[in-house]
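Here's the letter readout for the chains.
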Amino acid sequence: MAIASLQSVLQGRRSQPQQLIEVLQDVQDLYGYLSQESMTEVSAELGVPLIEVFRVASFYKAFSLTPRGRHVLTVCSGTACHVRGAARIVDQVTGELAVQPGKTTSDGLFTVEAVNCLGACALGPVVVLDGVYHSQMSPRRLRRLIESVRKAGNGGGS
Amino acid sequence: MPQYVTLRIDGANVVAPRGRTVLDVAIEYGICIPHLCHIETISDMGACRLCIVENVVDGRTKVTTSCTLQVQEGMVIATNTERIRKLRRNIAELLVAEAPNSRAIQDIAVRCGVKRVRYPFRNRDCVLCGRCVRVCAEMWDARAIGFVGRGKERHVDFPFGVRPDFCKRCGSCVQLCPMTITPCDGPMGPGEERLCGKCESQLMVTERMPDTCVLCDLGKGFACARHG
Amino acid sequence: MPRLAGIGELENLRAAAVAERQRASMTLIVCGGPGCQASGCRAVADALSEELAREELTSEVQLRVTGCHGFCEQGPIIIVEPAGICYCRVEPGDIAEIVSTTLRGGVVDRLLYADPSSGERVRSAWEIPFYRLQDRVLLALHPEIDSSSITDYIATGGYSALAKVLGEHSPDRVIKAVTSSGLRGRGGGGFPTGRKWATCRAAPGDEKYLICNADEGDPGAYMDRGVLEGNPHLVLEGMLIGAWAIGARQGYIYVRNEYPMAVEHARLAVAQAREYGLLGDNILGSSLCFDVEVARGGGAFVCGESTALMASLEGKVGEPRAKDVHTVEDGLWGKPTVLNNVETWANVPLIMRNGPAWFAAKGTKGSKGTKIFSLTGRVKNTGLVEVAMGTPLRTIIYDIGGGAADGVAIKAVQTGGPSGGCLPADKFDLPVDFDTLAQAGSMVGSGGMVVMDEHTCMVDVARYFLAFLQDESCGKCVPCRLGVDRMLEIVTDITEGRGRPEQLELLEELGETVRETALCGLGKTAPNPVLSTLRYFREEYEAHVRERRCPAGVCRALIAYQIDPERCTGCGLCRTACPHGAITGESKQPHTIVADACLRCGICQSECRFEAIVLTERG
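Protein sequence lines, in the order shown, are assigned to chains A, B and C.
Residues 1 to 158 (our numbering) are what the first sequence spells out, left to right.
Residues 1001 to 1228 (our numbering) are what the second sequence spells out, left to right.
Residues 2001 to 2619 (our numbering) are what the third sequence spells out, left to right.
Only chain A is shown next, with the shape it has when bound in the complex (with noise of 0.2 Å):
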């Protein structure tokens, strides 16, 4: 189903404010973030508090109150990856794009996330680029993969 706008979020679920998590969740897959402007829309619509809203946006890690880069580097610090070297490649991406977790690259390239488990244990460490997942990581072919997407943002068109 797509989500075409704000409104289509809001079909069918005004006044119920049970469905505030679901309505997030659908306007951060939108916007790729939760603006003022639609938290406070969102606020009105569903009959739940503002502040309500602005705490249920903050505690939760699936939604993000700044914009995000157009690529989104997960990279998982579950304990199996973390026993088989996650932390190097938390190293090879915070130092390479010089961001740490949570944040975007200055040219808005990548945001980058550290996730506590992404469920792909017995293949860590684990990374996913843009809902793929790349198992088995290494520093070296987690730079490569890096480059690759910084090939095809300058050849490529659009």
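Don't take every hint at face value.
[Said to hold, decoys possible] DSS-like mimics (lysine-lysine), calculated; alpha carbons at most 27 Å apart, straight line:
no.: 1; chain 1: A; residue 1: K61; chain 2: B; residue 2: K1152
no.: 2; chain 1: A; residue 1: K103; chain 2: C; residue 2: K2316
no.: 3; chain 1: B; residue 1: K1062; chain 2: C; residue 2: K2335
no.: 4; chain 1: C; residue 1: K2427; chain 2: C; residue 2: K2380
no.: 5; chain 1: C; residue 1: K2316; chain 2: B; residue 2: K1168
no.: 6; chain 1: A; residue 1: K103; chain 2: A; residue 2: K151
no.: 7; chain 1: B; residue 1: K1152; chain 2: C; residue 2: K2316
no.: 8; chain 1: C; residue 1: K2524; chain 2: B; residue 2: K1062
no.: 9; chain 1: C; residue 1: K2427; chain 2: A; residue 2: K61
no.: 10; chain 1: C; residue 1: K2323; chain 2: B; residue 2: K1152
no.: 11; chain 1: C; residue 1: K2323; chain 2: B; residue 2: K1086
no.: 12; chain 1: B; residue 1: K1220; chain 2: A; residue 2: K103
no.: 13; chain 1: B; residue 1: K1086; chain 2: B; residue 2: K1062
no.: 14; chain 1: A; residue 1: K61; chain 2: C; residue 2: K2316
no.: 15; chain 1: C; residue 1: K2524; chain 2: B; residue 2: K1152
no.: 16; chain 1: B; residue 1: K1115; chain 2: C; residue 2: K2524
no.: 17; chain 1: C; residue 1: K2380; chain 2: B; residue 2: K1062
no.: 18; chain 1: B; residue 1: K1086; chain 2: C; residue 2: K2524
no.: 19; chain 1: B; residue 1: K1115; chain 2: B; residue 2: K1198
no.: 20; chain 1: B; residue 1: K1198; chain 2: B; residue 2: K1062
no.: 21; chain 1: A; residue 1: K61; chain 2: C; residue 2: K2380
No lab work stands behind these hints: they were computed from the structure.
In this text the structure is predicted, and so the values were computed from the model without any measurement.
Fit chains B and C to the supplied structure of chain A, relying on the hints for placement.
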């Protein structure tokens, strides 16, 4: 269903209306259970964990907060065992290490028997007791402030960090805040944080009758429910 | 789509589905489980589908993409039925050869599993020791079922337990059966399921709810993901039986946000069940009316806790509340609610189909049945493993798991996630049993089992878990918010060489305080990783504190990397690899690591081809 129940608190038989909490009932009976996030007529959160008591259920002892525990017929409660005193002291130690710059927190530390602080002092200006948030929501229905963020990032804030126009500027939040009462000597600068212990004399009174309310000055510090 | 109005129609559908499956002379099964998805099974399945179409074999050879088989380390996996041949680490480029060889009745030897010591190839899937030594009650169902097909589920006996229950068993009889089976919650709590259901049934009120907890937040655990993605209808059938037993009309499957595929599969299964009238009103012509909604989490480990999960379902922040009144009486929307884990629900139809005595025949006195574990970490065969309760840890780690990866001795196993503990190798004879592991200072937990070796620092493990819990704590109560923070502060001090001996006692005292006074299960069990590592690996803590030394060579403040000028060829690989720009050197000249810029990540050592970079203790 009978309106009143009988329970035992610290060995004494107590009669209380159904629906009241153990903390409320204990305070009324003059039993001193330290508390911070509890305020009369406002809902209880069970966040500070200072009001913990031992509740004996089916022969097993459970440590529970008395502010969230409703009185039941035949309940057996102990408010001041050695175990409870130790746990309470450790919790108070965490609080005073976090926010020594408050008379209320210092008073609680003294009352709970904190003699030394084994953690590096910090100088936070909020202990997240939630008094402000709850009074804004429940007494005024304004909901201008709330808890935002999670875990270490949890803090009290306005929506989007900006005071909304529906904040009535009533000042209730400031009035109830335990941080707005600074130690008697004035604010402690960074690096000067210490355990105050000035009200030791008050503590001596409570030590002689450990679980009895003596309407001490310490209670004034943390706006104890009995002081009102 | 035919709505099944009664049990007779279900049986007809089953017969038709069985006949359909038997038409093809051969089936190629591709594992589509979480591990294989990460290894690229999608490309393999697509290549296979294209090849079958190209060779016009689609009527002779069936392609079935299934849920997790469990042998994730060896994926992508293809099994050829009825021959039972198992191919490992398949790539799209292997597909043409597999198809042509299989049609000739041959075997592609190079893709068979090879025994690591003898090198001998194993032909048959279920002869592979990894599989053979398990007791695969739930996992064995996965290769049989296309996880997106309800008819596949029905063909293999699905919904027959529900039919039996609706036809013959009263709700009380169902509860009796579940109770006598001895089933205990598989999410970590281990609470007797039958007793939970009975209490909820007895609670006053007509409005009752069922929840399937698929939040699975324990890092390193993905059993629930495997079951929910691989066999969602089994979970639904369990919930339907539960709804009948306790009198619920509405259920929820709460899936964590990080599992989009599980959300998708669950939603598909619900839609299919509704189409066939297996959810909705008067199911199979009985008086049971029950529907299920799939809800997504927002990304919070604490929402695995029952009261926080319910708050999240109600659209609020996932803050737990004190449980002086249990959720079976006062749960979702204040109504009586049964919340059970995915694997718990999955066991229910099998118990009703085969009888409680069948279930109780496996396991120990206090822990019946089988349990799925996600065996991960520093062990050869990682994946999902199912064994009877009471199986010794040693069997799982060495016989099934294949023992140490990379030849480094195994030191410990961590079970129960952040709520659990670490057990040392000399405790590996302990059986996986709720009470035994709890007494030893750990727990069975949800099933995560992370193997650690001599290259793992147990103090670092404690720090890792505390950092995780600090991140995930809701922050409401003082003992968890401030207590975990201070424990983390102390353990961090220790890993960075600032630890003092008296801090070890303080850690224990603070840990006990947090355990007794925290508001919810997250806080109450938060000290477990620290307390268990202090109990069993105290010498590592002592080394850090008294000698400023990390025996495992992990804690970055206590180690240093140096380039051996004798071995260094000046190839410059390390200089390029270093993400912090801390290596200097001319081409073909020995390189040096600049100590001030070096963050001791070790990436250089992992890339050096001449073993010229050495790990030393920091002076």
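Report task. Could you check the structure against the hints above and give me the numbers of any it violates, in ascending order? Result -> 9, 12, 17, 20 and 21
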